[in-house]
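We have chain A already, so just place chains B and C on it with the hints.
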Amino acid sequence: MKYGYYPGCSLERNAIAYHQSAMAVAGPMGIEFDELDDWNCCGATEYISIDLLPAYALISRNLALAAQQELEGNGNQLVAPCSACFLNLKKADHYMAESPELSENVNSALAAGNLHYEPGTVSVRHLLDIVVDDVGFNAIAEKVTNPLYNLRIAPYYGCMIVRPGNMKSFDDQEYPTSLDELMSTLGAEVVDFPLKAHCCGGHMTQISESVALELIRRLLKNASDYDADMIVTVCPMCQLNLDAYQDAVNKKFGTNYNIPILYFTQMIGLAFGISPDDLGFGKEIVDAGPALAKIGAEPSPKAKEKRPSKEALPMPSMGEDG
Amino acid sequence: MNEQFEPVIVGFLCNWCSYRAADLAGTARIKYAPNMRTIRVMCSGRVDPQFVIKALREGADGVMIAGCHPGECHYVEGNIKTLRRFLLLKKMLKQLGVEDERIQLVWASASEGTILADAVDRMTEQVRELGPLNWQNTVLGGGNGQGQPAPIENSPVAEEV
Amino acid sequence: MNKEKVGVYVCHCGTNIAGVVDVEDVATWAGEQDNVEIARDYKFMCSSLGQDLIEDDIKEKGLTRVVVAACSPHMHEKTFRGACERAGLNPFLFEMANIREHNSWATNDKVAATQKAKALVNAAVERVVFQVPLEKLPIEINPNTLIVGGGISGITAALELADAGNHVYLVEREPSIGGHMAQLDKTFPTLDCSACILTPKMVDAGQHPNITLLSYSEIEEVDGYLGNFTITVRKKARCVIEEDCTGCGICEEKCPIKVVDDVFEAGLGYRKVIYRPFPQAVPKYPVIDKENCTYFLRGKCKACQIFCPTEAIDFEQEDEILKFQVGNIILTTGFDLFDARRIPQYGYGRLANVFTSLEFERMVNAAGPTGGNIFMRDGVTEPQSVAIIHCVGSRDKNYNEYCSKVCCMYSLKFAHLVHERLPGADVYNFYIDMRTPGKGYEEFYHRLLEEGTHFIRGRAAEVTDAARLPGEEGKLIVQAEDTLIGKQRRIPVDMVLLSAGIEARGDSKEISQLFRMGCDFDGFFTERHPKLDPVATMTEGIYIAGACQGPKDIPDSVAQAAAAAARVAGLITQGTVMMEPVRASINEEACSGCRICNTMCPYNAIVFHEDRNVSEVITALCQGCGTCVAACPSGIITGAHFTNDQIVSEIEGILWDVRSEPELVPGD
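If you're matching them up, the sequences are chains A, B and C in order.
Position in the first sequence (first residue = 1) + 1385 = my numbering.
Position in the second sequence (first residue = 1) + 223 = my numbering.
Position in the third sequence (first residue = 1) + 45 = my numbering.
Excised from the complex, chain A in its bound form (with noise of 0.2 angstroms):
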C-alpha cells in the first residue's frame, strides 16, 4: 500500500521519533511512503486565526503539489501523522469544495506558483486512520512478537483527530476507540479515561501558559486515576504538552506525575521487536524506561472478577447497539 507522506514541520523537530517509529513501522505493516516534495508549513493553528485566505493558500500548495506528483497508489492518498497538519489539509479540501468563492480566491494564489487544486482530488488521511483501518487489527495482531503485557497504556487522542463535527470522520466523534484497539492488538491493558479526547491546551502554553497548564494537569491527573503506566498520543502537539510541560504542571499544582508520553507507532514498533533505539525511544522527556520496564513474558492474571456483591445491581449490557 502506498500513501503521500506530509510529515509537518514538528516531525522534523521534536516529534522526530514519531517520524523515525513511523518509517520503522511502516515496512513491516506493508505500507510504502512516498514523501511529498517541497511540501511547506501547514500553518499550524495560528495562521488560520490572522487571516483566512493566505492560510488557506499556504495549506492548499501542500494540496495541490500532492496532486500534481500524482501519488501513486491508493487514489490520491496524504496521510498526515500529526492532527494538526491532517486537520488544516482536510478543512482546505472540504470548504474549497463547499465553497468556489475559497476555491477561486485560493486558486489564484496558487497561481502564482504555476499551481493548481481541485478540491476532493485528494483525500486526507491521519496515520492512525490508515493503521486501523487499510491496515487491520488483524495484520498487525500477526506482526507482533513482542506483547506489551501489564503496560496500562491510556491511549489519548487530542482533541484534533475526530473534528469537526461536520466531517465524516474515521472515528466516532464524542467517544473514539480505534486507539483503544489498536493498544489492545497490541498486548497492552488499555486505560479508557474518560479525558482521552480532551484539549491538551495547544498552542496555549505560549498565549495564556496557566490555562494551558491547567487543562495539562486534568489530563494527567485523570490518566494517573485510572492507573496508567503511560500516555500514548497521535499528535505532536499533545505530546509536547503533556512531556515537555509535566515539570511546569508539577511545579505550579504540587502534583509529582511521572508518565511518560509515546507516540502509538513508538508502540506498534516495540511490540512489532523492533529496537527501541530505533523508534526515537529517549528522546522524551519524561523517561519511559521504567514504564516500559514493566512489560512482562505473559499476560497478568487477570485480577478475579470481583464477584458482584449479592446486593448489587446489574450494569447494563454493553454488547450490540439496540
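What the hints contain is simulated information worked out from the structure, not anything from laboratory work.
Please note that a few of the clues may not be correct.
[Stated by the list, open to error] Here are the simulated lysine to any residue pairs, SDA-like style, with alpha carbons at most 25 angstroms apart:
id, chain 1, residue 1, chain 2, residue 2
1, B, K277, C, T688
2, C, K442, C, E507
3, C, K532, A, R1603
4, C, K281, C, Y340
5, C, K442, A, Q1558
6, C, K280, C, I366
7, C, K442, C, Q533
8, C, K48, C, R131
9, B, K277, C, V177
10, A, K1553, C, Y444
11, B, K254, C, A63
12, C, K576, C, S92
13, C, K155, B, A251
14, A, K1553, C, E446
15, C, K554, C, I366
16, C, K345, C, A282
17, A, K1636, C, R513
18, B, K313, C, G680
19, A, K1606, C, Q533
20, C, K123, B, T250
21, B, K314, B, L353
22, C, K48, C, E105
23, B, K313, C, S679
24, C, K554, C, D441
25, A, K1606, C, A506
26, B, K277, B, Q349
27, C, K123, C, E625
28, B, K277, C, Q691
29, B, K254, C, G59
[As the list claims (entries may be wrong)] If you want the ones that stay clear, here's a sample from chain B, every Cβ over 10 angstroms from chain C, calculated:
id, residue
30, L310
31, K313
32, M315
33, L319
34, L328
[What the hints assert, rightly or not] Covered stretches of chain C, as calculated for chain B (at least 3 residues, CB under 8 angstroms):
id, segment
35, 116–129
36, 691–698
A quick note: this is a predicted structure, and the numbers were derived from the prediction, not measured.
By construction, the Cβ of each residue, glycine as well, lies at the ideal position given by its N, Cα and C atoms.
Relative to the frame of chain A, chains B and C by itself:
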C-alpha cells in the same frame, strides 16, 4: 425569441402521496414554477407508458411521474412497477431523440411538499434549457436521434406530402 | 359534436383563487368549449348556495356532467359529489379541477396561473365526458376484531369493544399483557399506583367472555381487506400446559438458574429461566426461556417438571398456528425507550451510577429489585444527591428531533419520589423547557418547586467522573450551562437519571409492512390525517392507537384507544359498508390468458381460470391501484373511474394551448 420559452410539463401524481404533496405545497403557499399541470391517478403504477408518449405527442415538453417512496406505496409496490416501466421507456424514447431530462420520476411522500416543489422547479429549468420538444420534427420528422429537430427541408414526410 | 351537457363552476374561494386566477375569464372561456352547457363563476362553491347552483342547474338544464374548478378533491370532492347525488346525478359523473392548491396558491404569476387554470378545467371537461355512472359496493363486516398489543391502549380498546358485545382477539407478544404501564410505580400527576389501576383492567381483559387472549404470540400473516381479514397467529410454546397449570409458582421457586431480566426489570433485576414476568401477570401461566434453560441447552435439570404438582410442564410443546377471521384491526403496539448508550457523553453503561428512566421506575417500584428503595448501583448505598437530565435523545438533531411529551412529567415525578424517600437529598433537574400541558400537570410542577428541587435550565453537556474541583472526588459531575444565569456549572452528584425519550418499536417498519400500512421516518405509524383523523390509517380496516402512533401519556393513549374502538364498533353496527367502486375488471372475451396481470397484483386479487384460459379480478379484493390496467398488453382491463379513455382525454384537454394541428402521420 425575446419571450422566454415556457415549457409545458404534464405531471402524473399518485393520489395518496405525491398529489397530497402538491396539495401541501400549495397549502404552505410554497411558490414554484407553474409549468407542471397535474393529472391525478390512484397509483403511479397506473401510468401506462402510452400516456407519457401521448402527452409528448400532444405538445408537452416533458412528463413528470410522481409517486410514493419505494416501500411506502399505498398499494404496496405499484411504484416499483412504475420504476421498471420508466427506465425502459426512457431508453426507448432516447433512441427516438427525446432527451433524458424530459421524463422524470420523482418520489415524494404526502408530507414532502417542498421536495415536490423543488423537483418541479428543477425539471422546469432543465426542460427550459433543452428547449421545446417539437415531437413532430424530432421524433416523427426523422430527427437524428440526439434530440435535434430535423431540418424541415429534409423531412422525408414533408417530401412525401 | 356535443353529446353531453357539462356544467362548469369556477370557484373564487374568496380571493384564494380569484386573487391570482382571472376566474371570470376562465368561466367565460370554459363556456365556449365543446360539450359545455353552462359555465359559472362563484365566490364559494362549497357553501350551500354554491351547491344549490349545481343542483338547480342539474335539474333545470338537464346537466349530464359536472365540473367544479376549485380546491383539491381531497377537500371537497365528497361535498360536490353529494350535491350531484341529491340532484339525481350519479356522483361519479363529477370531476374536480384543482386550481387552488396546485395553481393559485403555488404561484404569483397571474397570467401563467390563468392559463394553467384553463388547462386544468379543460382537462376535467374532456375527462368527465368519458366518465360513466358507478355504484358503490356493499362489503360485509365481520364482527370480530383483532387488537395487536396488550398494553394499556390495547386493553382499553379490547374492553370497550368487548363490553359493547363484540368479540375481540387480543394478541400480545410478551408472556403477559400490561405493557410498559405494568413496569411503572406511580403515574403522574395523581401519583396513582400504576399496577393498582392497571391490574383490574388486565384481569377484566383476561377473563372477559368476549375477549380471546393470545399471549406470547406473534402475528405471522395478514390477508384480506376491510371486513374480511384472515389472520395467522403463531402461539409460541410456553412449555406449560395451560389447562393444567394452577399458577402456584412452585416451578419458578425451584428453578436453579437466574438470568438478568432485560425486559420487565429493564436489566436491573433477575428472573428465573421459567418465569412469570411479574406476580400479577395475566395470564398467570409461566414461560420457559429456552435460550437459557439447562434442559434445552444440556438435557439436564427438569426441576420445574419434577416439582410441578399438576404435571403441567411439557418440554416437547410446539408452537401453535392459529387462523381466524376478523373485520377490523387495531394496532396498539406501544413504544421502545431511547437507547441511552447512543449518547456516550452521559456515560450510561460505563459509569455505574447512571440509570435510565425505566431502570429507575423498577427501582422505586415496591415489587422491584430493591423493594422500592433508592440505592446506587452497589445495591446498598443511598445517594445524597440525584441529577435528572431531561430530553435524553429527544429534541436533538443528532438523535430524535421530536419532543417525547412525557419526559418532563416523569422527571418531575422522579424528583418527587427522591424527595419522598430520601428526605434531605438534593435533586437537580436539568431541563430545556418545562412541558406540562395536561390536567393538573402545571400544578404538579409547582409542587416540585415547593419541595425544593433545584431546576437548572440547560441541556446537560456531559456526565463525567473526572474530578477537577474540590468536592468532586468520587462523584458524578454533571456539566451544563445554566442559561438563566449565563454560567457554566458543574454539579457533583451521587446518581444521575437519564430521562430517555420515546421511540417507535424497533420492528415497526416490518409490522407496518405486514399490515400493509405506512409508518413515518421515525417509525411511528401514519394516521390518516394528523389533525382530524388520528385513529384511522390509509388502509381501510386498520386503526392505530397509543404510543405506536406517536409519543403520548396514558390519558391520551386511553382516549385514542377508546376512539379507535368506537370507530370499529360503528362499522360492526353498520354490518355492511359501501366501498368505493374504483376497481379493475377484465373483459373476459378479449382476455388472451397471458397472465401478466396475475403476478402484478399486490393483493392477489386476480385469479386465473384454467378451464376458460382467462383471468378474473376479484372485485372485493381489488384496491383500485390500476397497475394491472397499465400492464395488460391487450388493454382489456378497465380501471373504473380511471380508464384509458378518461386519462387520454384528460391529457388532450390539459394541453389545449400547445396541441399542434392534426398530424401529418395518418392512421390515428
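Checklist line | L328(B) remote from chain C - nearest C-beta pair above 10 angstroms | finding: About 14 angstroms separates L328(B) from the closest Cβ of chain C, which puts it past 10 angstroms; holds.
Check: Is K554(C) close enough to I366(C), meaning Cα to Cα at most 25 angstroms?
Finding: holds (23 angstroms)
Note to self: Tell me if the straight-line CA distance from K1606(A) to Q533(C) falls inside 25 angstroms.
What the structure shows: holds (22 angstroms)
Note to self: Against the 25 angstroms threshold, does the CA-CA distance of K155(C) and A251(B) hold or violate the hint?
What the structure shows: holds (18 angstroms)
Item checked: Holds or violated: K254(B) to G59(C), with C-alpha atoms at most 25 angstroms apart -> Measuring from Cα to Cα gives roughly 20 angstroms; hence the hint holds.
Margin query: Next pair to validate is K554(C) with D441(C); report whether the Cα-Cα distance is within 25 angstroms.
Written below: holds (22 angstroms)
Margin query: Checking one constraint from the list: CA of K48(C) to CA of E105(C), max 25 angstroms. Satisfied?
Written below: Given that 25 angstroms is the threshold and the Cα spacing comes to 18 angstroms, the pair holds.
Notebook entry, point to check: Are the Cα atoms of K442(C) and E507(C) separated by 25 angstroms or less?
Noted result: Holds. K442(C) to E507(C) sits at ~17 angstroms (cutoff 25 angstroms).
Checklist line | Given coverage of the segment 691–698 of chain C by chain B, checked by CB-CB distance under 8 angstroms (3 or more) | finding: Our answer is that it holds, as 5 residues pass the Cβ test (under 8 angstroms) against chain B, meeting three.
Notebook entry, point to check: Taking 25 angstroms as the top limit, are the C-alpha atoms of K1553(A) and Y444(C) close enough?
Noted result: holds (17 angstroms)
Margin query: For a C-alpha distance cap of 25 angstroms, please report whether K1553(A) and E446(C) respect it.
Written below: Judged against 25 angstroms, a Cα distance of about 21 angstroms means the pair holds.
Next item on the list: With a cut-off of 25 angstroms on the C-alpha distance, tell me whether K281(C) and Y340(C) pass.
Entry: holds (18 angstroms)
Of the numbered hints stated above, none is contradicted by the structure.
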